[in-house]
Amino acid sequence: DTGVSQDPRHKITKRGQNVTFRCDPISEHNRLYWYRQTLGQGPEFLTYFQNEAQLEKSRLLSDRFSAERPKGSFSTLEIQRTEQGDSAMYLCASSYAVSPLHFGNGTRLTVT
Amino acid sequence: TQLLEQSPQFLSIQEGENLTVYCNSSSVFSSLQWYRQEPGEGPVLLVTVVTGGEVKKLKRLTFQFGDARKDSSLHITAAQPGDTGLYLCAGGSNDYKLSFGAGTTVTVRA
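For the record, the sequence lines run as chains H and Z. Per this note's numbering, the very first residue in the first sequence carries number 1; after that it's consecutive. Per this note's numbering, the very first residue in the second sequence carries number 1; after that it's consecutive.
Don't take every hint at face value.
[As the list claims (entries may be wrong)] If you want a taste of the chain H side facing chain Z, the calculated C-beta under 8 Å gives, among others:
1. G40
2. G42
3. P43
4. L91
5. L101
6. N105
[Stated by the list, open to error] In silico lysine-lysine, DSS-like type, Cα no more than 30 Å apart, as pairs:
7. H/K11 / Z/K97
8. H/K57 / H/K14
9. H/K57 / Z/K70
10. H/K57 / Z/K97
11. Z/K97 / Z/K59
12. Z/K56 / Z/K70
13. H/K71 / Z/K59
No lab work stands behind these hints, which were simulated from the structure alone. Quantities reported herein were computed from a predicted structural model and do not represent experimental measurements. Where is the CB? At the ideal position from N, CA and C, for every residue including glycine.
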């Protein structure tokens, strides 16, 4: 069990640029989740995949955000036309069915 | 908006002291989880409680789920510097989505 891996760990970008993050879940896990965490807050749910199907998207996920999990394995989260308010820690988690979530160490995004 | 309210927000104690953090909600949860998060890392699951009134012990940590499944507490006995971290509670209302509290930052001074 190598755990949930996220890349990059840190990303600094200028406002208006596009960014893409990658998450590699634990290999046998069929569920994958994206959460966002800002300073002083707990993680907030963004979206959820079961295998390759995206089954729920939070209202927090504006149309500038898109997530994919094309083969039911790794996932990408893209943010287009970044804004300063997008600065946060983006956490990926995976699970097998209803088992507890295993989180990665996140990608910290700073939009300048 | 956090559905789960955690208190206190910050807690600083001396090594060897006991501490309790609380997690309260007006919603009923099918399960409640406690996580610990260290700076620059993702949350790590400590325990899941599912039955109202349930008490679970994990070494020096004791977790309790309220009878009505709306609240929970975490008690640490004889805290050590290694217990320092952000403690998060999270409630599950369906089988995949967790709602997190804002967390309690615990600092244990040596």
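These are the hints, each one checked on the structure:
The restraint placing H/G40 at the interface with chain Z holds, with a minimum CB-CB distance near 7 Å, inside the 8 Å limit. Look at H/G42: its Cβ gets to within about 3 Å of chain Z, closer than 8 Å, so that hint holds up. Against a cut-off of 8 Å between C-beta atoms, the interface hint on H/P43 holds, since the closest Cβ of chain Z lies about 5 Å away. Below 8 Å, beta-carbon pairs count as interface contacts, and H/L91 has one with chain Z at about 5 Å; its hint therefore holds.
Hint status for H/L101: holds, given a least beta-carbon distance of 7 Å to chain Z, under 8 Å. Hint status for H/N105: holds, given a least beta-carbon distance of 5 Å to chain Z, under 8 Å. Distance restraint check for H/K11 and Z/K97: the Cα-Cα separation of roughly 27 Å lies within the 30 Å cut-off, and the hinted pair is therefore satisfied. Annotation: proposed proximity of H/K57 to H/K14 holds, straight-line Cα distance about 26 Å (limit 30 Å).
Distance restraint check for H/K57 and Z/K70: the Cα-Cα separation of roughly 25 Å lies within the 30 Å cut-off, and the hinted pair is therefore satisfied. With a C-alpha separation of about 11 Å, the suggested pair H/K57 and Z/K97 falls inside the 30 Å cut-off, and the hint holds. Between Z/K97 and Z/K59, the direct Cα distance comes to roughly 28 Å. Compliance with the 30 Å bound is thereby established for this hinted pair. Proposed proximity of Z/K56 and Z/K70 is supported: the alpha carbons are some 16 Å apart, at most 30 Å.
About 41 Å separates the Cα atoms of H/K71 and Z/K59, which puts this hinted pair outside 30 Å; it is violated.
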